[in-house]
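Enquirer: Each chain, letter by letter, is given below.
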Amino acid sequence: MSVNLTLLTVMGALYACGIYLLLERSLTRVLLGLMLLANATNLLILATGGYAGLAPFYSKDTEAAAYNDPLPQALILTSIVISFAVTAFMLGIIYRTWVLARQDEIQDDIEDRRVAATPSFDAEDDAVIPMETSEFPLTMLGADGGGVSDAPIPDSPVPAGGRDISGEAAAREEKPGSATIDKKPEGGGT
Amino acid sequence: MITVLAVHFAVAAVAPFIFRKFGRSSFYALAAVPAGSFIWLLLQHGAVYATAGPHGSGSGGHSSEVTPWIPDLGMEFAFRLDALAWVMSLLVLGVGALVLLYCARYFKNKDQYLGGFGAQLLAFAGAMFGLVTADDLLLLFIFWELTTVLSYLLIGYARTRLAARRSALQALMVTTAGGLAMLVGLIMLGSAAGTYRISSILEQAPDLVAGPAAGAVGAAVVLILIGAVTKSALVPFHFWLPGAMAAPTPVSAYLHAAAMVKAGVYIVARLAPGFTETAYWLPLVLGLGLATMLVGGYRALRQTDIKLILAYGTVSQLGFLTMVVGLGKPDAALAGLAMLLAHGLFKATLFLVVGIIDHQAGTRDINKLSGVFQSSRALAVVASIGAASMAGVPLLGGFVAKESVLEAFVHFAGEPGYGPWGAVVLAGVVLGSVLTFAYSARFLWGAFAVKPGVDRTPFKPIQPSFLAAPAVLSVLTIVYGLWPAPVDGWIQPYAALFTEAASDAGAEAGAAGHLALWHGFTPALGLTAVTFALGLAMFFARGAVDRAQSLVPDWIDADRGYRLTIGALDDVAVWLTGRTQRGSLYFYLAVILTAAFVLPLAALVSANKPLPEGLYFIDPYSPLQIVAGAGIVIGALAAVRANKRFLAVLMVSVTGYGIALMFALQGAPDLALTQMLVETIILVAFVLAMRSLPAELRDRTGGKYRVVRVIIGLAFGATMVFAAIHAMGARVATPVSLEFPALAYEGGGGLNIVNVTLVDIRVWDTFGEISVLALAATGVASLIFLRGRGDGIRASSTVEEGTVGRRRGVDKSSRDGAALALTRKFAAATRDAWLVAGRTLAPERRSIIFEVVTRLMFHSMIIFSLYLLLAGHNLPGGGFAGGLMAGLALTLRYLAGGRYELREATPISAGMLLGLGLATAAASGVAPLLLGGQVFQSAIIELWLPVFGDIKFVTSTIFDTGVYIVVVGLVLDVLRSLGAEIDEHFEEQPADTRPSRRAEPAEVHPAADWEAAAVPADTWRGEA
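Protein chains in written order, with this note's numbering: chain B, 1 to 190; chain Y, 10001 to 11024.
No lab work stands behind these hints: they were computed from the structure.
Ideal Cβ positions, reconstructed from N, Cα and C, are used throughout, including at glycine.
Check the hints yourself; a few may be wrong.
[Said to hold, decoys possible] Here are some, though not all, of the chain Y residues that point toward chain B, as calculated from beta-carbon distances under 10 Å:
(1) Asp10358
(2) Arg10582
(3) Gln10625
(4) Val10640
(5) Val10649
(6) Met10651
(7) Val10710
(8) Ala10718
(9) Thr10719
(10) Val10754
(11) Leu10758
(12) Val10971
(13) Ile10982
[Said to hold, decoys possible] Derived list of chain Y stretches under chain B, where covered just means 3 residues or more per stretch with a C-beta under 8 Å from a C-beta of chain B:
(14) 10161 to 10173
(15) 10741 to 10749
Looking at chain B on its own, in the form it has when it is part of the complex (with noise of 0.2 Å):
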């Protein structure tokens, strides 16, 4: 089996440029460094077709070896229209991010981070309960299914992913939002 190398060179340049765009934090070079992927990927078919050869139009004297491969060819030109589909859809989020936030940037998720900052106390696992002597006391906590945490504020700090946050805090991390994780995006962006 033959291998082109100038095609395998080529699609490798498109390869690394394409990660590197890829890996950027605008949305507009993302889309560009998919767009090179896309091209990479077709020139990584068409290599395996093996050297160049007769366009693939069928005539009686031809031998079949003689064509250029008509498969990836094939395969290709699906890509071909697939990715242009696709390049529009993101076209369109990404004027519709511009629309929404006035930013051309992906944005670390934070709710996603603050589960790293979820303290090891948990309200359901870990609050002292008082020893309950009867199902029928005149008054019992949450009893109205008010109050879902019955559980009373720990009043010491406790440690959450790697270090010491208040009591408070910590009560505070059961509910949505969070107040005390660091909101600085990763990948040194603005």
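Since the structure of chain B is provided, determine the placement of chain Y on it from the hints.
Expert: Positioned in the frame of chain B, the structure of chain Y alone reads:
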């Protein structure tokens, strides 16, 4: 049996509706189900014990039912009612009915979720009955897990209370963990035996234990025992049972005394006739059982909550039961089941009594309860019978059972072959019994006695119907004690299984003995006397016992161990999630891509394979490729370096066009054509979409990250190159595509092999692709259009001349102003328009040359696109290329004449086009089916037409037409969304809110007064 189960589950399903109508009295209706089943069970007595003689002459009688369930998997509803199942069912159904009766007085009508609770309790009774009668390992496991889940729901009944939620979860975690181990064990056992039918596994048990699979069977049995240990709350998993006391007391009485926790004991009893000889059976069963009995008894003495005293007492008794039942001797088997029944009777009684005390007094704390005996003597009598039976006082069921248990252990201690262990176990059992006696006394004293210094507890009078259930149980305890013969008869067939096994093995067949109130002066009776003496001493010296216990440090507590384990698991999970879930796309991609190059590179390097043959840089048939390649690489590098948005886009386009050239050089004209068209349209789409974004494209990733990106990029590129070289070098087979040319011509009737591949040979693929195109087009439209699909744009004849994109607010004295005035003067000329809607554009954005060129080219391009479509079967072209060409023609119209021009050019909406295209393609696939062919089969039609001459029409062209229409629809959607709709967004915004940095000044439309455009149509004279 299946009917009994079905009735249980069916009534449980409708129970919530019954409760909605009748309130707590519905419990009576529910109780009728297990009560009826109980009567049915009694009627089965004859069938079950029919062939079993008084001394057990064989496997005993049984009745079984088998219904196929999933025959392919060999799963079936196999049930078998033998002596063991029958005795267990007595307990399950009898106590179930009584507890449900009791619930009707225990709960209040206004209690929430009562319907669900009743349903769960009844379903639990059904599941428990299924568990003890199942004759299939997997079926047994299903019922096992059903009881686990239902017990979770029942313990967590008071869902607003933290204690209930937490202990429900704890019970679930522990029992499910054990259940998983058990599942593995069951499957191992089932596959070792070749069947999942329990009865036949037990029949071949001796062969299994001694046979070649002995190791696997031994491991399987250990795993199953782990399941039993967790379910029956043996050390070290005993802590969940006291925790589960957060459940309503009837639930505790049923699940945690009579039924569910006995499931583990049942499994031990079920397997004991066959598997006591496996290596780890006796150490596990006796060791854990004894430890549990002692720990439970010890801790029961420390509790101040009478319910917890019972809970730890149950733990202790479960250990006791497991030991007896698992001993594997006929007398122990008899004693074990006798004890199981006795325990079910007295423990359920006691729990129900606790429930009544709690209900009437409002507390279960022995430090607050005082003088309950005076308040309700009947209750005290019932409780005393239960507690005395628990302690093993003569004349009661507990005494009869315990005597025979002690008898069995005395025998065991006397048997050779176990060394000193028999005596150790006997001593442990006696010690456990002492503790049992002590906590029984403590319970009675704590619940009923008058305590000095404590006010007499206010106690509401008890309704007789409330007391009925425990009273019935205590009467049964007395009857059992005075007349144990029937119970003896029920159990003998089960005990006989052991005699049989022993005689089969050639060993001395020990006799099972009989249950009786009076055996004479035996060692067992002596041990009982010792037990009573020591137990009484411990009770009266309870002050000293308390002090001794308080010396033991707190930290010896399995519950604490559980919480620490769960806490550590949580912390590890948080740590791991925090390290991996960073919320940063950059991070995720970097990790994924690094893995994507490290693994293949490592494999390549470690394999150390030489490069394959046949590498070449310059293709002898196409030497120019290297030049095109250089252009592509330069374009890509420039795209990476570019710091202006449109420069970057242009550079990516350069690589795209370069690749088109590469296709052409490789011998792929179709690809080259399509790639050129797509690149052009993408370029236009980019410019349209990005005109509002800032022109500058800063690299926003910081220094060290950039280095990482470069490394990942280069390494990934290199990996791909080497992976491709090796992959292609490894090819040995003849390419399948060598068949394609002939296939295409003979089967597909076309000369263009690529096109025939797309529309015929691989048509399903293409059909999938155009569906994706339609989706993507719809996606683009839905991202841009805020309301509707925007098909309702007005005809251009209603739009005032020169209003679209008119610049306002330009100072007339400036140079811009002068230029504007000049262009507007020229625009006023009256002449035939080149484009239909060209006049709607503001004069300053019109280009007469562009309009003329568009006018000249549009129709030619459309014709050419149709030519590409139709000729594509034999020449370069096809549906994709044709559709893109038509799309390009539309793009020209839009650029020259604005959005109204686009509207005039496409009377059919984009959505309609997409639908039509898909429908055409689908129809061309389905039609052959109607004509008796296969989906997407194509036919070649040759006919003669005047003018055209001979015509060869291939039906796959119809499919290609569908493709063509879909592609036109896609391009139109892109133009309408990214072009026309964004134009409108611009014109709707006031000028001053727009960003000051503009992407491309020439493309930015100044604010036009939208209102001014909505003028009546009658003043217009537009026509093409």
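Enquirer: Checking against the hints above, which ones are violated?
Expert: none
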